[in-house]
Amino acid sequence: MWSETYEKILSRLDHQPLCWVQVHATRGSVPREQGAWMAVFADEVLGTIGGGHLEWQAIAQAQQLLSQWRDAGGETPSNHVQRYALGPSLGQCCGGALELQFSFFESGQRHLLKPLLPVPSNCVALFGAGHVGHALVRILRSLPYRVIWVDSRDAVFPAEEQVGVLCEHSDPVQAAVDELPAQTQVLIMSFSHAEDLEIVAQCLKRQRERGDLPFVGLIGSKTKWATFSRRLRERGFTDEELAHITCPIGVPGITGKEPEVIAVAVAAQLLQQKLQTV
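Letter by letter, the sequence shown follows residues 1284 to 1561 of our numbering.
Honestly, the hints are just simulated from the structure, not real lab data.
Accuracy of the hints is not assured; some may be wrong.
Think about it this way: if two alpha-carbon atoms lie no more than 20 Å apart in a straight line, the pair counts; the simulated EDC-like pairs of lysine to aspartate or glutamate are [claimed, not checked]:
(1) Lys-1505 with Glu-1481
(2) Lys-1291 with Glu-1443
(3) Lys-1488 with Glu-1524
(4) Lys-1505 with Glu-1523
(5) Lys-1291 with Asp-1326
(6) Lys-1507 with Glu-1481
(7) Lys-1488 with Glu-1462
(8) Lys-1505 with Asp-1522
(9) Lys-1507 with Asp-1522
(10) Lys-1291 with Glu-1389
(11) Lys-1507 with Glu-1523
(12) Lys-1397 with Asp-1297
(13) Lys-1488 with Asp-1522
(14) Lys-1505 with Glu-1524
(15) Lys-1488 with Asp-1461
(16) Lys-1488 with Glu-1478
(17) Lys-1397 with Glu-1327
(18) Lys-1488 with Glu-1523
(19) Lys-1505 with Glu-1541
(20) Lys-1557 with Glu-1327
(21) Lys-1505 with Asp-1495
(22) Lys-1397 with Asp-1522
(23) Lys-1291 with Glu-1517
(24) Lys-1291 with Glu-1316
(25) Lys-1397 with Glu-1287
(26) Lys-1507 with Glu-1524
(27) Lys-1488 with Asp-1454
(28) Lys-1507 with Glu-1478
(29) Lys-1507 with Glu-1517
(30) Lys-1505 with Glu-1478
(31) Lys-1557 with Asp-1495
(32) Lys-1488 with Glu-1517
All figures in this text were calculated on a predicted structure; none of them were measured in a lab.
Start from the sequences and build out the full structure, keeping to the hints where you can.
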């Protein structure tokens, strides 16, 4: 619900007003964290503040305020904060409380809303645009990630623009490693084992020099990694350095070799690694 949703919100805002609902403050147990949001139009809602009766009531409030604001010719105050206790009256037993801020944007004010859209700070570099790579990008585009998608073959990327995804042709493909932003999570799944080996080696060199790639995952079997480990040791990498590479990749216990199944398992592993480093 990130970049593609943003594009849809901004496009709709060009033609109709919206009410931006954001979690302003929280106390105790609540469905979503401070900063969570939803964009409420007269006929559509994008995003979520946690669902349930709270969200239903907040949507009704936002649409009522939108109607009042429209009838008043835009002279209504642009912000409204309301407190909700998550108890029996809302049919929710969280026990906490939160404040929601309702902000109004007139049609054509995308320049005012755009700076408020949270930009994902987490970056994934995906080396390889094969079947699994395509399936994984489709998932990552719906998660809070910026994606750098790298391949040595220029014609393998989708023809249409990938919102939130930077498609980069690099030949040799491992040359792109040095330019990755710090703290990028790296996934390696090129069409060639020879390319995979060179990308891994370049990641290990960067990790030795800068130590700023928190996760480097390589698609493949234990046998593939045993072969790679031997070759990398011959290049001077130590067992301690090789331990930084995760191979095979994917959450254990999820079976199946369909690209979509592998992609789900790998995306879940990325999220686990992200949580561990917070």
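Checked hints:
For a cut-off of 20 Å, the pair hint linking Lys-1505 to Glu-1481 stands: about 18 Å separates their Cα positions. For the suggested pair Lys-1291 and Glu-1443, the alpha carbons sit about 16 Å apart, so the restraint of at most 20 Å is met. With a C-alpha separation of about 9 Å, the suggested pairing of Lys-1488 with Glu-1524 holds against the 20 Å cut-off. Taking the CA atoms of Lys-1505 and Glu-1523, the gap is about 18 Å. The hint holds against a cut of 20 Å.
Simply put, Lys-1291 and Asp-1326 have alpha-carbon atoms about 14 Å apart, close enough for the 20 Å limit, and the pair holds. The straight-line distance between the Cα atoms of Lys-1507 and Glu-1481 is roughly 14 Å, inside the 20 Å bound, and the hint therefore holds. Taking the CA atoms of Lys-1488 and Glu-1462, the gap is about 13 Å. The hint holds against a cut of 20 Å. Distance check on the hinted pair: Lys-1505 and Asp-1522 sit about 16 Å apart at the alpha-carbon level, within 20 Å; holds.
Of the supplied pair hints, the one linking Lys-1507 and Asp-1522 holds, its CA atoms being roughly 16 Å apart against a limit of 20 Å. Distance hint between Lys-1291 and Glu-1389 is fulfilled; the C-alpha atoms sit about 16 Å from each other, no more than 20 Å. For the proposed pair Lys-1507 and Glu-1523, the alpha carbon gap of about 18 Å is at most 20 Å, so the pair holds. Distance restraint check for Lys-1397 and Asp-1297: the Cα-Cα separation of roughly 12 Å lies within the 20 Å cut-off, and the hinted pair is therefore satisfied.
The straight-line distance between the Cα atoms of Lys-1488 and Asp-1522 is roughly 14 Å, inside the 20 Å bound, and the hint therefore holds. Restraint check: the Cα-Cα separation between Lys-1505 and Glu-1524 comes to about 17 Å, which is no more than 20 Å; the hinted pair holds. Taking the CA atoms of Lys-1488 and Asp-1461, the gap is near 9 Å; set against the 20 Å cutoff, the hint holds. A C-alpha spacing of about 15 Å is found between Lys-1488 and Glu-1478, which places the hinted pair at or below 20 Å, so the restraint holds.
A threshold of 20 Å between alpha carbons decides the hint, and for Lys-1397 with Glu-1327 the separation of about 19 Å falls inside it, so the pair holds. About 13 Å separates the Cα atoms of Lys-1488 and Glu-1523, which keeps this hinted pair within 20 Å; it holds. The straight-line distance between the Cα atoms of Lys-1505 and Glu-1541 is roughly 19 Å, inside the 20 Å bound, and the hint therefore holds. Using a Cα cut-off of 20 Å, the hinted pair Lys-1557 and Glu-1327 is violated, with the two alpha carbons roughly 32 Å apart.
Restraint check for Lys-1505 and Asp-1495: not satisfied, since their Cα atoms lie roughly 25 Å apart, outside the 20 Å limit. Distance hint between Lys-1397 and Asp-1522 is unfulfilled; the C-alpha atoms sit about 47 Å from each other, more than 20 Å. For the given pair, Lys-1291 sits about 51 Å from Glu-1517 by alpha-carbon distance, which is inconsistent with the 20 Å threshold. This hinted pair does not check out: Lys-1291 and Glu-1316 have alpha carbons roughly 23 Å apart, beyond 20 Å.
For the hint linking Lys-1397 to Glu-1287, the alpha-carbon distance of about 13 Å falls within 20 Å, and the restraint holds. Of the pairs offered as hints, the one joining Lys-1507 and Glu-1524 holds, with about 17 Å between alpha carbons and a cut-off of 20 Å not exceeded. Straight-line distance between C-alpha atoms of Lys-1488 and Asp-1454 comes to about 18 Å, which keeps the hinted pair within the 20 Å bound. With a CA separation close to 13 Å, the supplied pair Lys-1507 and Glu-1478 stays within the 20 Å bound.
Among the hinted pairs, Lys-1507 with Glu-1517 is consistent with the structure: their alpha-carbon atoms are about 16 Å apart, no more than 20 Å. Straight-line distance between C-alpha atoms of Lys-1505 and Glu-1478 comes to about 18 Å, which keeps the hinted pair within the 20 Å bound. Note on Lys-1557 and Asp-1495: the hinted pairing holds, with a Cα-Cα distance of about 14 Å set against a maximum of 20 Å. Restraint check: the Cα-Cα separation between Lys-1488 and Glu-1517 comes to about 14 Å, which is no more than 20 Å; the hinted pair holds.
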